[in-house]
Amino acid sequence: MTESSATRATLESQILALLVEVAPDVDPSAVRPELSFRDQFDFDSMDSFNFAIALSRHFGIDIPERDYRQLSSLEGCAAYLRHRLPTAG
Amino acid sequence: MPSLGADMEGGTLVEWRVRPGSRVRRGDVVALVETEKGIIDIESFDEGVVERLIVEPGTRVPVGAALALLEGEAAQPEHARRVSPAARAKAAALGIDPASVEGSGPQGAVTLEDIERAATRAPVPRTAAPPARDAMRRAIAASMSRSKREIPHYYLQLAMDFGPATGWLERYNRARPVPERLLAPVLFIKAAARAAATGEGFNGYFGANGFEPAKSVHVGVAVALRGGGLVAPAILDADRKPLATIMRELQELVGRVRSGHMRSSEVASATLTVTSLGDEGADILYPVIHPPQVAIVGFGSVLTRPWVVAGRIEPQPVINLSLAADHRASDGRRGAQFLTRIRDALSRPEQL
Chain A
1 MTESSATRAT
11 LESQILALLV
21 EVAPDVDPSA
31 VRPELSFRDQ
41 FDFDSMDSFN
51 FAIALSRHFG
61 IDIPERDYRQ
71 LSSLEGCAAY
81 LRHRLPTAG
Chain B
1 MPSLGADMEG
11 GTLVEWRVRP
21 GSRVRRGDVV
31 ALVETEKGII
41 DIESFDEGVV
51 ERLIVEPGTR
61 VPVGAALALL
71 EGEAAQPEHA
81 RRVSPAARAK
91 AAALGIDPAS
101 VEGSGPQGAV
111 TLEDIERAAT
121 RAPVPRTAAP
131 PARDAMRRAI
141 AASMSRSKRE
151 IPHYYLQLAM
161 DFGPATGWLE
171 RYNRARPVPE
181 RLLAPVLFIK
191 AAARAAATGE
201 GFNGYFGANG
211 FEPAKSVHVG
221 VAVALRGGGL
231 VAPAILDADR
241 KPLATIMREL
251 QELVGRVRSG
261 HMRSSEVASA
271 TLTVTSLGDE
281 GADILYPVIH
291 PPQVAIVGFG
301 SVLTRPWVVA
311 GRIEPQPVIN
321 LSLAADHRAS
331 DGRRGAQFLT
341 RIRDALSRPE
351 QL
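Line order of the protein sequences matches chains A and B. Residue numbers in the first sequence follow our numbering, run continuously in steps of one, and reach 89 at the last position. Residue numbers in the second sequence follow our numbering, run continuously in steps of one, and reach 352 at the last position.
Please note: incorrect hints may appear among the correct ones.
[As the list claims (entries may be wrong)] If you anchor each label on the Cβ, the simulated ranges turn out as follows: (1) A:R69 <-> B:P62: 47 to 53 Å; (2) A:T10 <-> B:D46: 39 to 45 Å; (3) A:P24 <-> B:T245: 22 to 28 Å; (4) B:R333 <-> A:D27: 50 to 56 Å.
In short, the hints are calculated from the structure, not lab data. Values in this document were obtained by computation on a predicted structure and should not be read as measured data. Glycine is no exception: its CB is placed at the ideal position from the N, C-alpha and C atoms.
Just need the whole structure built from these sequences, with the hints factored in.
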């Protein structure tokens, strides 16, 4: 595993841990990165809100409301965080 | 065993949260009970010291049966409970303890009708527990079938420009960190509660004596469960709470629904229900009234639609409000006024 793919796995596993914190009934091993949480797990606006709170707290960043839609899938979320947190790889 | 819904026949005691000798206050969680709505935290409706636990965990118990005895109850049964003389006589004849029946009369008084309602709940046969999801689907089917069978629904819908509300929410949220922001359903709940508080025929219950308006506005919020199913626990006194309080309570409520820790006081107390589609993309919903309530207000998705502004057609965020109401309690004219009040409240979100 190269250094950058190790970092990627770490970021994604952190996101999955927060996802399970918000929605304990979600099986993290079943998450398909490209599909929206809404289509996979019936995520609603309250789930998205709680997920944004968890990400904001964990990564220590403010997330403007207009950015929420970029957090709708694992892939989108990781891309957004990489953009906001350059050190996350 | 408290009634946690019009169609609840009984529940299974899962776990005690108190022991003999424990001091309990009104509202303390004393036990966990499994129902078709999931596991509910049962709150004490009295205070005192637990003298004896009557029911063992794992036992299925019909609504109205005693679960535990608080010290002093045996010495003075029915203390502090108002029971009408007719209800007392009927309860004695039927072998029902009036103290175990939830009162619907003034100041929680137990009426003859309450006793008769408790008596119609036959003891529940013990069977192997079916999967919870099937049980919930059956409970929804029973309640909604009863609604469609008994309630003469009428429906109204009203489209409105949601631009002012969207703009206000954006400004409100932009100035705040993530945890302090509001979601649109909070505006729906407050607007419907305000409109219901001043209206007739939409907030309360339909019982054997016809429509009985409720003094408080407890707004049931339809919450979908992942993988199917739906429950509608209440935000109490929603007409009198600030938006930030409703938001916090809604967040906690949804969390409790999905983790299976709804409280008995919020499960069956709704006097009116609100349901919204979120961003699912349908223009409008035609909801089914939850008996014994008499109205349910629906909020479709907020969608960009052509809208006439000062004589010109412009794209605007538009939302459809809908009302399903009970013709035994109100008519279309009152219903239209009710929906108009909700629209007007949502048009001035800064005043909510």
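Right, here's what the structure says about each hint:
{"no.": "1", "hint": "A:R69 <-> B:P62: 47 to 53 Å", "in the structure": "holds (49 Å)"}
{"no.": "2", "hint": "A:T10 <-> B:D46: 39 to 45 Å", "in the structure": "violated (53 Å)"}
{"no.": "3", "hint": "A:P24 <-> B:T245: 22 to 28 Å", "in the structure": "holds (26 Å)"}
{"no.": "4", "hint": "B:R333 <-> A:D27: 50 to 56 Å", "in the structure": "holds (51 Å)"}
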